[in-house]
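J.: Each chain, letter by letter, is given below.
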Amino acid sequence: MTLQKVLQVDIEKCVGCRMCEVACSLRNTGRVQPSRSRIKVIGYERRGEYHNYIPMVCQQCSTPLCVEACPTNALSRNPETGAIVVDDDACVGCRVCAMVCPIGGVSIDPATDVAYKCDLCGGAPECVKYCYYEALTYVPKDRLDSSLKRSKSEKLSELFALMESLR
Amino acid sequence: MTYGWSGKTLQVDLSTGKTSTAPWDKDAKRFLGGRGGNAWLFWLHSKANQSPYDPDAPVILGSGALAGTGLIGTSRMEVTVVSAAKTESHSLGNVGMGSTWAPELKFAGYDNIVIKGRSEKPVYLNIVNDDVEIRDASGVWGKGTFDTETLLKEEAGDMDAQVACIGPAGENLVVQATVEHGYRSGTPVGASVGAKKLKAVVVRGTGAVNVHDPDAILEHNRRLVETVKDTKKRLGEAIPRSDGKDAYLQGFLVGDAGVVGNYESHAWRDRPDVRKAYEENYLGDYFEKNIGCFGCPFPCQPLFDLPGEGACIWRCYPTYWPWKLWMTDLSAAFKATRLMTDLGMDNKEVATIVSWLMHLRDMGVVTDEDLDGVPFDKGNPEPLFETARRMAYREGYGNALAEGPVAYAKKLGDKAMNYLYHNQGLTMRTFEFRAEPGTALGEAISARGNSLRATTYHVVLWGKPARDDYAGVDPREMEDSLAWSREMFGTEKAIMATEYEGKPAALIYEMNGAAIADSLGYCVTMIRPGRVGAPGSQFGDASYQFAAERFTAATGIPTDEAALFEAAERVCNIERAIVVRDGRTRATDALPEFFFEEPVPDGPQQGKRLDRKLFEKMKDEYYALRGWDRETGLQREATLRKLGMADVAEKLKAAGKLAPAGEEG
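Chains as they are written, first to last, in the working numbering: chain P, 1 to 167; chain U, 168 to 832.
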């Protein structure tokens, strides 16, 4: 079995284009409807001052509180992808999962009234394919750490280059 | 099921407070949406020679036909009004903007909005899906556009709401006032909105846009992302401004863009001290990041943040005018841009007016006393700030200027008028029309006037004498571009900036491409057809076919290059019908005498001026290619019928504005 992958978010790289919301809703509902996207870019904007964006999406927790809290056992982990998935028939729309989720990764679909959340598109997350600046990447679990560290080290490497040039 | 479009127009009457909807039907879809759709609504809802301050004058806000369909680059909105800024003709005024308002309107369930009537008190329109409310705007009246956006989002209790608004300039009916959304505004349309006491249109939509083939849309998007990645590998940095470097500033420093002063010089930038000043004063240190539009992963608007000042976009328009004021202090130019974005006014109009006043003062045509003692020395940024503020709040000399530069020139006399270069009241800004016949033709003939939309790229980019490094094009792709021109127009001169030959055909190709992009709501850098080696070519295939395939994926309507070209013809013809209805003729498709008489004084284009005979010959050819009457510039019935616009022809005929029947050509 291939190693599971993780949908990794690097918030510093997000430009706020919301292409992930478009892709997610197209893939999952066949229509363009950001309000039903499983991933949501939250904007912190004040015109004339700042424009910052944070993509929020289920991180498929190691100890998923939503699964533990669900009174109808509608949530479970897909062994192939590692994604927490919703059994639409079992879900009663009680919103307990949404209450306990630490990052707002699960909610109730306004159109179907059952829980909806990122299921990693069955192992090929659609959103990642359009994220030109790679704020979203789909990374094997064992390289998650080095991937994030590499990304964060870029600033340091610039600093080294600067120091080098000053020498 | 309707795909692509929402299928609905929202109609609002601010006098009665009534709102209703009308279907966006087959007749309307002839003009797609966005700029073309707005022109159609304008044709239906405006009267001949209407005043921008007539309560019945329509203000139209529209989303492009493909806005909200998820296709990368389809984010654009359009605002269309009876222009207050075109003080000498009024008629059609429009502006296109990106960011997020247009898709949000689609998610709310509308293609466009027609606003008529006039409110007694300041109001704003609040749209949340089917809930449309005219709300009291007294809390934001008088506020700048920055605060207005924040306050209205807070009032909506929804930070995802999208705001298009006017600032103090629009409230005070300053003709240079803009409608602002996402730092994107350009051509002034704000006074016509202020006249309605309408502060803002706030939109929030949670609905869906139906698309015919979701998989095809995703596939098109996937391929585009791959193309840009490939281009980046092939040519280095694919997005010219992604490091905060501004292509247009680079164009000034090393290329051939822009005139200096009030068309006073071309050689100023060649001075080493100026070049050094620009390079050293460049704001690169303050670059934050690029921000962009909804659904486009290639954001191209560089956001700069000046300490103690605040953030704003510093992009092509704001960067091309500092040298019109002989300014080397780019941080002052940036601050002025930010100020005017907040005041909601067109910084290009204001800067050009200041440049003109500096010129007049230099010649003693205006005195310091006329200008309230503000020091209009060339290169001094102070008059820019003072003029912007005084115009926005109608103080001192700014009050008169807020009625437009022509009115002010009339007060000063003939000499002032002779040095004011304008098109229907809109100032002529940075193009050297004397050396660029295609640009000149586009400026003279475009429906809106003052039209980058008509005149960019193919007709101006290549063959400039000073193209020594980067002037907006990639020299490595010049050969391909020339080959394309030979194939398309029979001569490579068609795309050489300083040539007349083949220009009308190249210009029509260019204008139609812009009309399609603006009407589909597509980013013009993305589908400007056939543009090889120019900005936007990182998107690879930017042909009409590119647009056609995407249009079909979104709407399910089979189409091809020829059909889209015909749709563009319709858009250009409905706009022509509007301005012709309001008095435009061949005689008024014109430019100031100056560009024919005074040669370029210095620099690489020295000695060039427009040749009247060749210019008029270009017009002959242009009208013939469009199927318009050569003598009068009026449209022919047969042309309009062929385009499926018999209804438009009927109305023009009734108004006596159709070309006389008879000989063709």
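Don't read these hints as lab results, they were simulated from the structure.
Keep in mind the model is a prediction, meaning the values are calculated, not measured.
Among the hints, a few may not be true.
[Unchecked claim] Straight-line alpha carbon distances no greater than 30 Å define the calculated DSSO-like cross-link-like pairs of lysine-lysine that follow: (1) P:K152 - U:K396; (2) P:K152 - P:K40; (3) P:K141 - U:K400; (4) U:K809 - U:K214.
[Claimed, not checked] Covered stretches of chain P, going by a simulated chain U footprint (3 or more residues, C-beta under 8 Å): (5) 25-38; (6) 100-107; (7) 126-136.
No residue lacks a Cβ here, since even glycine has one placed at the ideal position from N, Cα and C.
J.: Against each hint, give a clear statement of whether it holds in the structure.
T.: Cross-check of the supplied hints:
1. P:K152 - U:K396: Given that 30 Å is the threshold and the Cα spacing comes to 22 Å, the pair holds.
2. P:K152 - P:K40: 23 Å, holds
3. P:K141 - U:K400: Holds - the C-alpha atoms of K400 (chain U) and K141 (chain P) are around 28 Å apart, at most 30 Å.
4. U:K809 - U:K214: Holds. K809 (chain U) to K214 (chain U) sits at ~25 Å (cutoff 30 Å).
5. 25-38: This one holds; 11 residues, not fewer than the three required, reach chain U with a Cβ under 8 Å.
6. 100-107: violated (count 0)
7. 126-136: Coverage by chain U holds for the segment 126-136 of chain P (6 residues, Cβ < 8 Å).
Checked against the numbered hints given earlier, the structure breaks only hint 6 and satisfies all the rest.
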